[in-house]
Each structure stands twice: as C-alpha cells, then as structure tokens.
Amino acid sequence: MSGSPKLAVQFEGVSKVLAGRQILDKLSFDVREGETFVIIGYSGTGKSVTLRHMVGLMAPDEGSIRVENEEITTMSRRELEIMRRKFGVLFQSGALIAWLTLFENVELPLLEHTKMSRKKRAEIVQEKLEIVNLWQDREKYPAEISGGMKKRAGLARALALDPGIVLYDEPTSGLDPVIANEIDKLINRLKREHHMTQIVVTHDMDSAFEIGDRIGMFYKGSMIQIGTPEEIQSSTIPEVQHFITGGREGAISRRANTAVIRGVAPGMLSQRSLEAIESEAPVATAEQGYVLLSEEEAAAAALQPQEETEGPVDTAGPRNATPSLEPEETDA
Amino acid sequence: MSWTDNVITRALKGAGFTLVLLLEAIGHSTQIWRRRRAIFTQMHVIGTQSIPIASFFMLLIGMVFALQVGIEFARFGQTNLVGLVLVAAMVRELGPWMVGFVLIARVGSSMAAEIGTMQVAEEIDALEVMSINPASFVVMPRIVALSIMGPVLTVIGTLVGIVGGGIVSNLQLGVTWSDYLRFAEDGAEALDIYWGLLKSFVFSIVSGSVACAIGMKTSGGAVGVGRASRNTVVLSLTLVVFFNYLLTSFYRIVKMFVSGVL
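Here the protein sequences come in this chain order: A and B. Going from the first sequence to this note's numbering is simple: count from 1 and add 502. Going from the second sequence to this note's numbering is simple: count from 1 and add 208.
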C-alpha cells in the first residue's frame with residue numbers, strides 16, 4: 503500500500519517466559535520507518551528483553567517478529583548476523599570493548615565488516631566521534647572516561663555502519679541533565695538529518711516526550727497504550743498516568759531547562775501532598791495548578807519576575823526549577 | 209527432578225557448551241592472521257608475564273624434589289642417580305602439571321573474570337549485535353595464545369626445575385655437575401619430551417576453554433564474576449588432574465608398544 507507508512511519492525515503476539523516469569527505476554531506493536539518510537543515502562547519488566555528480541559539475541563517462545571518485513575524468529579545464525587547489520591545498538595552501559603581505545607572501538611565494526619582502507623576508516627571514525635563530541639578523547643580507554651562519555655562513544659560505534667535502525671537502551675539513565683539533553687538533541691538530529699528509525703527504551707519521561715514521535719507504554723508484558731506524546735500525556739489509563747507522573751500528584755519535570763511548574767511544588771511536607779496521599783487522589787491536572795510547559799514557554803516564563811503566593815492556586819508566578827545559590831524567591 | 213539429576217544435567221550442559229565453544233573457536237582459527245594483534249597481546253599476558261612466577265615455582269620444586277629423592281637414594285649410596293629420577297619426573301609429570309597449575313591460577317582465573325565482566329557489561333552482546341562472533345573475537349585468540357604458550361612455558365619451567373635440582377644436588381647432596389648431567393640425560397627420551405609437551409598442550413586447551421566458557425556464562429554482576437573465577441580454578445584443576453591420568457595411562461600403552469612389549 504502506498505498510503506500507509508513502511509514498517510521497520512513488527513512484533514505480533516510475542517511471548518517469552520524467563521526463569522518462570524512471563525516477561526513478554528502477547529506483545530504486539532509496530533515501528534514505522536523514520537520515526538522515533540519510545541518504549542516506556544517500569545524498570546526490570548522486560549523493556550530491554552524486547553530490544554534483545556528485536557536483534558535476535560533472544561528468541562521468543564511464540565509470536566512473530568519482523569524486521570523490514572523479514573521474519574527473524576526463524577533465521578539461522580548466519581542470516582541473523584546479516585540482519586543485525588541493519589541495526590545500531592546503544593547498550594545501557596555503552597558496552598565498549600575494554601581493551602580498545604575509543605577510536606578502535608568505533609573502528610571495530612568497520613574493520614570487521616568492510617574492506618575500507620585505513621584512511622577511509624579513520625575519516626568515518628572521526629565523523630562519528632565528532633557527532634558525539636569525543637574526537638579529542640579518541641586515544642582514551644573506556645576505563646578512563648565517565649559513564650556519559652561511554653554512552654556517547656557507544657552511540658558513535660552504533661552509528662559507524664550507518665544503520666537504518668538504531669536501538670537505545672536507557673540512553674539517558676545515569677547522566678546529568680545537561681548531557682541527557684544533549685543525547686536527546688542528538689537523537690532528534692539523527693532523525694531529522696539521517697532519517698533513521700530509532701527505538702528508545704527509557705523511563706526518563708522528559709526524554710520520552712522530547713524525542714518520541716510515538717510512545718508505547720510497556721506494562722506486564724505488553725503495550726497498554728501506544729500514542730503520540732500528547733496522547734500519552736493526556737492518557738486516561740491509570741497505570742500510564744501513574745508512570746508518567748512518577749507516582750507524584752503532578753506532572754513534574756526533573757529537567758531544569760525544559761519545564762517550569764506553576765503553582766506550589768508538592769514538597770514532601772506540603773499540605774497538598776499529604777492531602778493527596780490521604781485521599782489517594784490520582785493525578786494532578788492542569789486545573790489543579792500544575793502545567794508542563796514547553797521549552798520555549800519555560801524560557802519565557804523564567805524571564806518574568808517571580809512571585810509566589812501561598813496556596814494551591816494557578817495565580818502563582820513561574821518557578822524555575824534550576825538549582826540556584828540565590829534565594830529562590832521572596833514573598834512579594 | 210532430584211538434585212543429582214539436576215547436577216548431572218547442569219554438568220552435561222556445561223560440558224556441551226564448553227565443547228561447542230571450543231570447536232567454534234577452532235573453526236575460527238582461519239582468522240589467526242587477522243587476529244594476530246590480539247593473539248600476540250594474549251601471548252604476552254599469558255606467556256611472557258608468567259615466566260618469572262612459573263620459573264620460581266619450578267626452581268623450588270626441582271630443589272625440593274632433588275632433596276627428597278636424595279634422602280632416600282643416600283640410603284643405597286645412589287645419590288648420583290638423583291638427576292635421572294628428577295628429569296624423568298620433571299619432563300613427564302611435574303613440568304606440564306605444575307606449569308598448568310600456575311597458568312590456571314594466574315591466567316585461567318583472570319580470563320574467566322575478564323570475559324565474565326564483558327558478559328555482565330553487555331560487551332559480549334554488543335559483539336553479537338555487531339555480528340562479531342565472540343568465539344572468534346574473544347575466545348579464539350586466548351585459546352590459541354594459551355596453547356602456544358603453555359608448552360613453551362613447560363619447556364622453560366622444566367629446564368629451570370632441572371637446574372634447581374642440579375643446584376641442590378651439587379651444593380647439598382655432593383653430586384658433581386658432570387655426574388648430575390650424565391644421569392639426567394638418561395632421564396628422558398624423545399617420546400617422554402613429546403608426551404610432556406602434548407600434556408601441556410591439552411591442559412592449556414582444557415583450562416582455556418573452561419575459563420572462556422564459564423566467563424561467557426557469567427551472570428549476576430560482581431558476585432557472578434567472582435563465582436566464575438573461582439569455578440574456573442576448581443573445575444580446571446579437576447579436569448587437568450583427570451586428563452593427566454588419562455594421558456599417563458595412554459603414555460604407558462604407547463611406551464610399551466614402542467619398546468616392543470605389546
């Protein structure tokens with residue numbers, strides 16, 4: 503069909519039992535070509551297992567997985583090896599080979615799978631390391647660099663062979679907000695400039711909303727909702743709401759420069775929080791005083807003079823969550 | 209399923225996995241030239257860096273062995289024959305064995321820990337995803353390096369052990385160097401030397417593939433890596449003494465065949 507988008511990855515009724523636990527339970531979803539599909543869900547519930555199925559590192563007990571319309575569950579090892587070249591994978595810890603420098607790590611896939619000259623390889627490695635801003639650290643070993651740098655180097659390696667599909671396993675976990683933002687921007691840039699299909703597993707909601715074309719909420723082995731970031735944000739499914747708000751009573755961003763919370767922030771001891779806990783109030787909505795702003799709005803709001811009034815009303819001035827040494831606000 | 213069944217199943221599974229991994233590594237030995245850098249690195253780590261400890265070990269073993277034999281032989285006034293017994297024991301048993309033990313303790317354990325850490329840190333998965341077979345990239349260079357350096361170290365260790373025995377014979381047992389060497393020459397014939405090298409080659413392959421296989425099957429973080437390292441040492445030692453018995457029995461048959469008894 504010419505009208506419908508091409509599918510990069512399709513999961514149909516995929517089930518997997520690991521150590522007696524049903525990790526995947528008739529999991530079905532598709533990822534369209536060129537989109538960024540974000541899988542959110544609780545830690546340790548099988549999101550990474552889903553990714554491993556996608557590249558044939560694990561085989562499902564039942565169900566069908568297709569990558570660019572080819573069934574991968576029945577492939578031989580050799581066929582899988584060829585199929586995997588469509589993918590670049592960024593592992594949670596970067597998974598760099600410890601005894602190779604960053605340069606050699608990025609060069610590795612080129613060395614193994616192409617017949618390029620040394621000069622050509624060096625050019626590509628330079629290009630990829632510059633994308634992630636690590637060219638100056640190329641001679642370092644993984645043990646000598648920080649976790650964030652390892653992830654970025656892992657991404658450079660994942661991109662080395664210009665894959666059509668890139669998988670990210672928790673790309674922003676364990677990173678400071680600034681680096682996390684950088685990774686998000688990079689993901690968006692790869693989509694924009696290279697039209698890569700990207701599948702991101704994360705539980706960082708800021709990141710999910712920032713990068714996702716569509717978001718799928720993974721819960722108890724299957725997708726309980728798939729939709730655009732807006733659809734997910736306004737989801738009426740309690741599990742989804744609970745997850746995206748971090749179980750707190752408002753949609754709260756931890757990332758300083760992407761969101762501003764209007765009204766009173768629900769501190770541990772604030773009256774509203776206690777009331778909410780007692781009444782088991784589900785989730786705060788915009789009406790209740792919490793608004794998630796876009797980056798531009800947040801920047802604009804941050805420039806306005808700050809006012810603060812007591813009480814859970816929407817008339818309070820904007821509060822920028824950026825940590826500051828100065829007293830955050832004084833009563834007007 | 210009773211626990212004995214469970215243990216047997218696990219042992220068989222483990223043995224199967226190890227064997228498949230070894231065969232796969234052997235299958236990838238066509239890539240020896242391509243992986244020469246990794247192989248040389250491993251040969252250095254496994255071999256060159258093991259020379260001091262293996263030599264020290266063998267020197268002392270040679271000395272102690274000569275002393276003990278000297279005590280008994282003195283009763284019959286045959287102290288001159290110390291060299292003969294020592295060389296026979298060194299070449300056929302002590303050399304391959306003790307060097308094997310040193311390699312298991314020094315190299316096998318760290319190899320399992322290294323590969324185990326790679327497994328835990330998803331590096332092995334990363335290789336698979338990049339369509340780089342870990343059997344070729346990780347396992348083959350290590351087993352090749354070990355199977356070359358094991359016999360080399362055995363030769364060095366055995367020579368050092370014989371020298372150690374000579375020093376003790378000369379200084380403490382009063383045997384002249386010329387007597388010691390004259391009888392030492394009779395201690396081993398070509399077959400013994402080849403057999404000693406064969407043993408050391410087999411021990412290297414056994415301990416190398418055990419270390420790699422256990423490393424590849426590691427799970428459970430730092431604790432898992434520790435467990436992998438310990439299991440490697442225990443299992444490798446057990447298998448080495450077992451294979452040693454088999455090889456010695458086989459040696460006896462070959463020896464009888466060669467000398468015309470069979």
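Hints are computed from structural coordinates only; laboratory data are not their basis. You may find that some hints are simply not true.
Unchecked claim - If you anchor each label on the Cβ, the simulated ranges turn out as follows:
id, chain 1, residue 1, chain 2, residue 2, range
1, A, Ala521, B, Thr446, 43 to 53 Å
2, A, Met618, B, Val431, 37 to 47 Å
3, A, Gly522, B, Leu227, 53 to 63 Å
As the list claims (entries may be wrong) - Some residues of chain B that are not near chain A, with every Cβ distance over 12 Å (derived):
id, residue
4, Val215
5, Leu231
6, Ala334
7, Ile340
Glycine included, every Cβ here is placed at the ideal spot set by N, Cα and C.
Task: Structure-inconsistent hints, enumerated in ascending order - done: 1, 3, 6 and 7
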